[in-house]
Amino acid sequence: MKRLHLERLANPQLLALVAVLLINWLLFPNFFRITWQDGRLFGSVIDVLNRGAPVAILAIGMTAVIATKGVDLSVGAIMAVCGAVAATMVVAGYPTPVAVIAALAVGLACGLWNGFLVAVLDIQPIVATLVLMVAGRGIAQLITEGYIVTFNDPALIFIGTGSFLGFPMAAVIALVLMLLVTLLVRRTAIGLFIQAIGVNRAAASLAGIHSRMLLVLVYALSGFCAAIAGIIVAADIRGADANNSGLWLELDAILAVVIGGTSLLGGKFSIPLAVVGALIIQAMNTGILVSGFPPEFNLIVKAGMIILILMLQSPLVGTVMGFFKRDTRQAAPK
Amino acid sequence: MKRSLRPLAATAVIFLIAYALSVAQFPGMLSTRVLGNFLTDNAFLGIAAVGMTFVIISGGIDLSVGAVIGFTGVLVAVLISWLGFHPLAAFAIALGVAALFGAAMGVTIHYLQVPSFIVTLAGMFLARGGASVITQDSVPINHDFYSAISDLIIRLPGGGRLSFIGLLMVAVFLFGALLAHRTRFGSYVYALGGNPVSASLMGVPVARTTIQIYMLSSTLAALAGIVFSLYTSAGYPLAAVGVELDAISAVVIGGTLLTGGYGFVLGTFVGVMLLGLVQTYIIFDGTLSSWWTKIVIGVLLFLFIVLQRVIFAASAPREEQPEKV
Chain A
30 MKRLHLERLA NPQLLALVAV LLINWLLFPN FFRITWQDGR LFGSVIDVLN RGAPVAILAI
90 GMTAVIATKG VDLSVGAIMA VCGAVAATMV VAGYPTPVAV IAALAVGLAC GLWNGFLVAV
150 LDIQPIVATL VLMVAGRGIA QLITEGYIVT FNDPALIFIG TGSFLGFPMA AVIALVLMLL
210 VTLLVRRTAI GLFIQAIGVN RAAASLAGIH SRMLLVLVYA LSGFCAAIAG IIVAADIRGA
270 DANNSGLWLE LDAILAVVIG GTSLLGGKFS IPLAVVGALI IQAMNTGILV SGFPPEFNLI
330 VKAGMIILIL MLQSPLVGTV MGFFKRDTRQ AAPK
Chain B
6 MKRSLRPLAA TAVIFLIAYA LSVAQFPGML STRVLGNFLT DNAFLGIAAV GMTFVIISGG
66 IDLSVGAVIG FTGVLVAVLI SWLGFHPLAA FAIALGVAAL FGAAMGVTIH YLQVPSFIVT
126 LAGMFLARGG ASVITQDSVP INHDFYSAIS DLIIRLPGGG RLSFIGLLMV AVFLFGALLA
186 HRTRFGSYVY ALGGNPVSAS LMGVPVARTT IQIYMLSSTL AALAGIVFSL YTSAGYPLAA
246 VGVELDAISA VVIGGTLLTG GYGFVLGTFV GVMLLGLVQT YIIFDGTLSS WWTKIVIGVL
306 LFLFIVLQRV IFAASAPREE QPEKV
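Going line by line, the protein sequences match chains A and B. Every position in the first sequence, counted from 1, becomes a number in my numbering once 29 is added. Every position in the second sequence, counted from 1, becomes a number in my numbering once 5 is added.
By construction, these hints were calculated from the structure, which means they are not laboratory data. Where a beta carbon is used, it is the ideal one built from N, C-alpha and C, also for glycine. Misleading hints may appear alongside valid ones.
Claimed, not checked - A few chain A residues facing chain B, derived, Cβ under 7 Å: (1) R62; (2) V160; (3) G175; (4) L208; (5) A332; (6) I335; (7) I336.
Next comes chain B alone, as it looks inside the complex (with noise of 0.2 Å):
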């Protein structure tokens, strides 16, 4: 096997590790309605995961996802009840609107030379202050589309249910993992976090790519965000808070490198079914409370963490480090 596989094959087994033991547990979990929930409840945020994976590809990060889906889930909201626009004029205004977002925060990022930390930060307070100012309010959405788009699901064998938004994240996905690995927009990524001066004297356009990266993540985010709207059909401004570190803790897990230039779209996949697997599990189990779940993820994290440490220490060896002193 490929070397630079090992990290994304070891989370697939552990999932499927963790998946046998619980099957294990509960034989319910062994069914397709647990399969197609798994798609369908984790839907917004392993399309938001993408976004962050390629970001984190690059070396930066993006804390404004969360906020972005409860700013895209209120403009919905409120342009379909309140304005009366159709649902998908609203949804194309949206992801607009997140695009443009995402690319000032890319200009901002790359011309003022700061890092994407801090400035995905102040996107952050400025889609999150802008959502409570359109509303305080959660309004709710009563449309014949969002009703037929919840009736389109393939059921199958077994009682599951294909629902479209979890389809539309596994597309996202596919789409995703042809960007990363088959574009030119995909190796430019790749390049640039593994060393940005070096790419920019490649010849790779590093303004272009980091404006490009940012809107891909906030309009994914916005994506996300509609989908969370069809998911609760209603926009609140506090929706999905903290959604940007469940999806940074999914790509950790799926294999790609904090530092950038190494990670797999396939593996943020990975990394959210076994974020879900963990709520799951808990819900079957019944007498873990809900916290669990956080010291579950956290413990999750470390252990994946830990884990790349330990393989990219194996498979390429370091020079010597100064400080064994």
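So here's chain A without its partners, still in its complex pose (with noise of 0.2 Å):
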């Protein structure tokens, strides 16, 4: 699979991201203005780096679950958790460092938990992510105790609104984990197991892969993905909303990654590719908000964009397309 370096730039995710940018600019033609202001820089792009960072997040874990052909529908609830710890924590005085690692910790406890389920009792995974999915937020709220936690501490608001080098911290934490994650998995034969896993998984057991211990490292990683995410939207806004933090980013998590082409069998992903996945929903959300369309029509074309990607991938298209051009690459054997 090794392609010249521009032909890899030119992946349909780039190209559609580009366009998704360039439509932005034609609607409202300041779009590419940055400016620097308080030692950091400001601007829509800027700004679809910032609100784009913990769909990206969570985009990077999914990338991983659905690759060995599970789904983790409890993530959006797993941020609100995480958010009502690290926030709860820091009112009770705890120092920031104990309550940001005590909300990943729980992150972490309840990708195990999922992993446990997916792995060890064999439960699919959308029942075996739907319990904590549905038992998340009211967690969240008990810890919570139903109101919405507020804080003031500089160190935690930090990690959710600071800037690194100009760029927004969270956009920061994002590229770091996206660049760790895929090394781990690119530069590793974990990639490869977990593709083997997602391909076939007795056979990958059979082939001697401990299919079990990375499934539940699989999840366990898109808990703590979630964690961290928790943490950064919980920062942001100075506050733990149990009830709305993360509602429905699962979704959004799911659509990235399948943007990015990971195929929803299993067996096929990228989690660069996811990132900018998360980047083309973020582009089109902040497309609609600042060329002045009304927020609802965001639903209708993230709708609308789902479908033409199904149309894109399907195999149904892909014989039609193929049959035109056959000079290009042959049609991937199933």
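Each of the two chains sits in its own frame; use the hints to bring them together as a complex.
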């Protein structure tokens, strides 16, 4: 799969991102204007990076889960739980690092629980993660006792709204996480193992892969990513909102992963492209907002985009297109 | 007892035990009034859950249910209150629109060969977005027909009331049970959920059945939306957010396997009643906060999933797992 670098840049996801940004620019001429103010960059594009970070972070974990032919519906609820943990601990007077580490640990524990259900009890991923999706928000409300816990801890707020070299902290965290996880799966054999499980779990196990262990780790990664996203979202609004933090973000994350070309049937995945997918979604959101359309159109545009992607990815269209351009790559075998 | 009925029996027994425990604590819960309200308050959820049962038995999932309920409510309210349609005409239009919507999802799922999960996710965005584009506000419905239907109640001894929508839900469940177990369509649905490849080899019309399943689910969701609008006398674009999760929970608790091919419509009824019981108990208790509902439903889901695994592992010895290395 060694291809030219230029050809790699011209993949549909990046082209789509460029197209969405250009449409935004046509609708709102100041879209690309970036200013430097108070030691940080400002502008709509920076806003896309900043606002897209939570979904991008979720998409990193979700990509790995979907590559194993699973899905993690609980990430939004885990975000709420972890945001609640971080906020209540800071308010209770614990030092910020302790609160953040505790929140990350809770996210990891939630992920391990999902992994336990999927890998050890052999429960279908949708159902297994549905348990925490339903119960998670209740747990988060239990932690915050039904209130929106607000805090003023500068270190915690920095995670959500601070800046690093002028770039928003959230985007920097997402980028670092993406690089780390991509290196982990692409420079070691883990990525290959994940793909093997996604294609055929029984065969992968027979080939000597500890599929149970690996599945647990993949869901743990997803929970960990959700914890980071939850802390960022809580820090951004300086409060933990158990009801609305991360609401429906699991669907956005799945959408981002699908846009990134990862197959929902497992076996084929790309973490950087999933992050690009998250940015495409956010660029559309921001575009609809800055160009003055009512935000209700957001959902319809999203639906239209899913349908378009499904058409492009479907085997039916693939065969038709393959019929017309035989000279390009051979149709991917099933 | 037939082995395949065990999960259904387990759910029913657990419901009875839970109800008995609740009654032991709050004797007031054993009244026809509470039982009547069980039916009325969960009518829209129950109707939507019948459609979801069929989808899940066929091996799919329908995430658009809640959004279709919201959309139907808004559509009906706008047709009646703004455009002066008669409610029955508005209902017919809403059911027709939903049937087309479901058919479109079924066509996409079958012909583009994409997981139902992602198609119905798009459907959810589309329906919810469509409802929000029509109106952002809650549209009240003041029509004689609505008050006439609200007055249609059967009084039971002990102060209980069987409302029209509660009875409608029971009727839909009976219809669903007949459809699942006594018709050709029903056996097609089970065959499809068991194994789509062998189903199509056996001559099951896979395309037609898939489309019909999603049509059924969306139409019943629209009926649930109509019931919801009768219940609240209004249409609101953000109504019934997350009802699809409650419906899926009810179906799973009712003993239907999410892998497809196995399940009961009447089990879903018990599932819906169990969810209703949890809510009623928390209201009766008064000191428990509303978020306990979610936690308890999550715990119930977990228990039933594990229970299903245990029952299936015990009753149908599966082939050796290759992973126990």
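What hint numbers does the structure not satisfy? Of the numbered hints, 1 and 4 do not hold.
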